[in-house]
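Between the sequences and the hints, there should be enough to build the whole structure, so can you do that?
Below, each chain spelled out in residue letters.
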Amino acid sequence: MAETITIEVARYRPEQEGEPTLQSYEVPFSKDWVVLDALNYIKDHVDGSLSFRWSCRMGVCGSCGMTVNGEPKLTCATFLSHYLPGPIRVEPLQNFPVVRDLIIEMTDFLEKLQSVKPWIVREDDPAPAKGEFLQTPEQLDNYKQFSMCINCMICYAACPVYGLDPQFAGPAAIALAQRYNLDSRDQGEQERMDVLSQHEGIWGCTFVGECTEVCPKNVDPAGAIQQYKLAATKEWFKSFLMPWSKP
Amino acid sequence: MKPSTAYRQYHPKWYRTRVSTLWWSRRWSYLKFMLRELSSVFVAFYVVILLLQLHALRGGPEAYLEFQEWLKDPLLVVLNGISFLFVLFHAVTWFNLTPKAMVVRLRGKRLPNLLVAAPNYAAWLAISGLIVFLLMRQG
Amino acid sequence: MIDNSSSEMPSHDVLLVGGGGAGLRAAIAVSEVDPNLSVAVVSKVYPMRSHTVSAEGGAAAVIKEGDSLEEHAYDTISGGDWMCDQDAVELFVNEAPGEMLQLEHWGCPWSREPDGRVAVRPFGGMKKERTWFAADKTGFHMLHALFQTSLKYRSITRYDEWFVTRLLVEDGRVQGVVAIELMTGRIQAITAKSVIICTGGCGKVFPFTTNANIKNGDGMALAYRAGVPLKDMEFVQYHPTGLPFTGILITEASRAEGGFLINKDGYRYLQDYDLGTPQPKPVLRSMELGPRDRLSQAFMKELDKGRTLEGPYGPYVHLDLTHLGKKIIDTKLPFVRELCLKYENIDPVSQLIPVRPVVHYMMGGVHTDIQGATPLAGLFAAGEVACVSINGANRLGSNSLTELLVFGARAGRAAAEYALQNKPVSAGIEAQAADEKKRLEREFLHKRSGTEPIAVLRGEMQSTMEKSAGIYRTGALLEEAQADIAELKERFRQVAIQDHSHTFNTELMAALELSYMLDVAEAVVECALQRTESRGAHQRTDFPRRDDERFLAHSLVSHRTGDRPEVEYLPVTITRWPPGERVYGRPAAKTPPG
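Residue numbers (my numbering), protein chains in the order written: chain L, 1 to 247; chain P, 1001 to 1139; chain R, 2001 to 2594.
Below, computed lysine-lysine pairings styled on DSS-like, alpha-carbon distance capped at 25 Å:
| no. | chain 1 | residue 1 | chain 2 | residue 2 |
| --- | --- | --- | --- | --- |
| 1 | R | K2438 | R | K2489 |
| 2 | R | K2327 | L | K217 |
| 3 | R | K2332 | L | K217 |
| 4 | R | K2332 | L | K144 |
| 5 | L | K144 | R | K2152 |
| 6 | L | K217 | P | K1032 |
| 7 | P | K1109 | L | K234 |
| 8 | P | K1013 | R | K2437 |
| 9 | R | K2305 | R | K2264 |
| 10 | L | K217 | P | K1109 |
| 11 | L | K234 | L | K144 |
| 12 | R | K2467 | R | K2301 |
| 13 | R | K2489 | R | K2467 |
| 14 | R | K2127 | R | K2281 |
| 15 | P | K1109 | L | K144 |
| 16 | R | K2326 | L | K217 |
| 17 | R | K2342 | L | K144 |
| 18 | R | K2064 | R | K2128 |
| 19 | R | K2342 | R | K2327 |
| 20 | R | K2332 | P | K1109 |
| 21 | R | K2342 | L | K217 |
| 22 | R | K2489 | R | K2447 |
| 23 | R | K2281 | R | K2264 |
| 24 | R | K2281 | R | K2327 |
| 25 | L | K130 | R | K2064 |
| 26 | R | K2327 | L | K144 |
| 27 | L | K130 | R | K2128 |
| 28 | L | K130 | R | K2152 |
| 29 | R | K2326 | P | K1109 |
| 30 | R | K2326 | L | K144 |
| 31 | L | K229 | L | K217 |
| 32 | R | K2305 | R | K2467 |
| 33 | R | K2489 | R | K2437 |
| 34 | P | K1109 | R | K2327 |
| 35 | R | K2342 | R | K2332 |
| 36 | R | K2264 | R | K2301 |
| 37 | L | K31 | R | K2342 |
| 38 | P | K1109 | L | K229 |
| 39 | L | K229 | P | K1032 |
| 40 | R | K2332 | R | K2281 |
Hint data in this document are derived by calculation from the structure and do not stem from the laboratory.
The following block contains the structure:
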């Protein structure tokens, strides 16, 4: 088995250079190591200036999304052994501005997330002391998978529509909107529809479907968007055929 | 809640990559997507042929014969062949989309995607079979 | 009331350091006291990256018939080996159900009963089933529900990826912080009328931990340096079931659902350590559902007897879930299965999971009262960073998620009330902020002569802590550790920084985090050395007995510049449950009141 493996890391130091370059490092190979371990080895023992985000190392905080050999991946769940004999190319996630090295700028997503009102909207507001809203396991199952999104931005990196048009709301934001729409406790579907039926909302999606393919948490954003389109179309027909029924 | 307004004042020098014009050639799934988009051109082509056929039908038996002769042009045969493949591809992608857009539940359990798409394929087969039957009977 | 017009010094009413579960709950609480109060959430990571996200098993609150607040209180107090302040525990169990229902109303996807009511599961050290759960991603769902809900409050301003380096204290009260905006490297003072620290624990002081990379005791060190005592720092919780190498947590829920702990002979060894007799189904407060300290200690004793297995990353035992079947595992423990498959290449449906004890939680923390207030005026703390104390000498699983809601909300309300007193910012603050900026530049950014690599110092600190302040401790080893940590602090003055960039300088951040951890390590070792008894998670082989005469008291450790820290003791508050024997797996000699 190989003793070391070569990692080619994209470096971008905005105070020194105009564009990213690739830098090669030799790191020890271990079958238990993931790409993130190799990056930490470099940071701790070779080059302390290498910058990247990471935190939980168990695939749930969503910090360590990067492009590994061209594919968007959570680097804490991507084993070196998968890429033997190497080299492994590690770059920042695509479709985002690069701040430095492997760090991308994602304020845009947070603004979009907020715009789709990802919280329970209620007309009435019963006091929690009166007890929980009842919700059967089936009702929970309706939205559960869309609530698994860890905001790792991997779906945005895989979405060519977002790459071409950064105005597009994008897979995760729409999936999270749908998560609340499908929640039996929520009454905010109409408000969210007003935001998302815009051109940059669901209609921006041309159903490439890659968001669902790359999602490390098996969320199905592509499905969420298609469901949304169907609902929006029904709504449109209804308001067209029966204008009096407008909510 | 809003991100801090002070956030953007000290704007660092971000590097922005441009999406290359050939982005769709980098990955099979992207290429598949482009082919699917392209398939709409061939669907339109079919529609035009159909309209021309109707027009010829209205023009009487002679005009229709002339139209049929025109269809035998090798270029048109090849074009029709390609169109057929694209329309097939188009139909399959559409049918596979159904379970994405529609969640069907039976006794509280979500039906697997394959089962939701299946009626589409069944209907497709049935209608194709009916057409073949009609054609064969005439022939 | 938001004043960002002067880019010189943004100012807010209430400022939170940390945006995890406690921080977000506190931010919402402030907004609900008065929507005109401007709230700043200053966090070194985006809020949804906070470590609350990794909590798996659940959150305890009495909701079902047949359970009672008294029993929850008694379980907590006996689980904490009578080190919990009982007034705080009573208040905690009282407010827990309300907070959990509130979170339910904010959209947290709690697992449900067929009739639509919230489901509960058993948990270690709890005599009744009262642990609410969202499959085995409870922390993840709680954090995202809180974060997404917080987005609707206009009065909350976020400072995402800002790293706090110092509390600004003038005229005897805290008035803000100095922080580095990571994106740009700008060093900025942000003033506030009150400050709440919610930065979580300090697991990274140890080498082998379930804790995320970000858990470096930042808030503890910030408070400690500002003169606030840290409380009960010797009580460090080991979780009995972490995956070797990665330290990934395998939730206690896996045992609550019926998992067995077995040694290399396939023997359920907990029966040898006064934790009850093995039964096929899980029995509350018995065997695998005993408290974490006792289970971790049992592992060490198995190791001494040579009955553990040996792997490339040290000794381990097995967690057996195979008899539960695929259906239970997939519905109740899907994340456990995912983690095992992804990180260990093991399928718990058919294979045994290798596990070993791993540092998990800090019972101690910034000294606060039941309002979350610290002795420093205007400064509050909540969550793992704080020590109220409801966790005593050993925290029960599923109390910490509830704690961050209950005390996050309390601290938020108290900080809001304090801010409404509207005391002006002192004149000296700006000068203090300028001093801090100079310090950071002098000691780190402009320094090019350092020789001590961060990773080396950190590694030495971690192995020192594991050797001397682990599951079993002795006076001799702790004294050695004391000298070692002092030496490491000295060497830290020569820390080597290769990165002098202003843009997202993660090396600078790592250096500052290491300096925080060294302070925390010093406090842990000092408290552990001074407490010459064994209680809960603090086990001294040279003092194996609990000593209520001398040590039914919280240790309060204070920073002394250039000298050893000073430890004082504060008696534990006892209301209704006099200290007794901790009994698991057999009937207690005397039934507890309530």
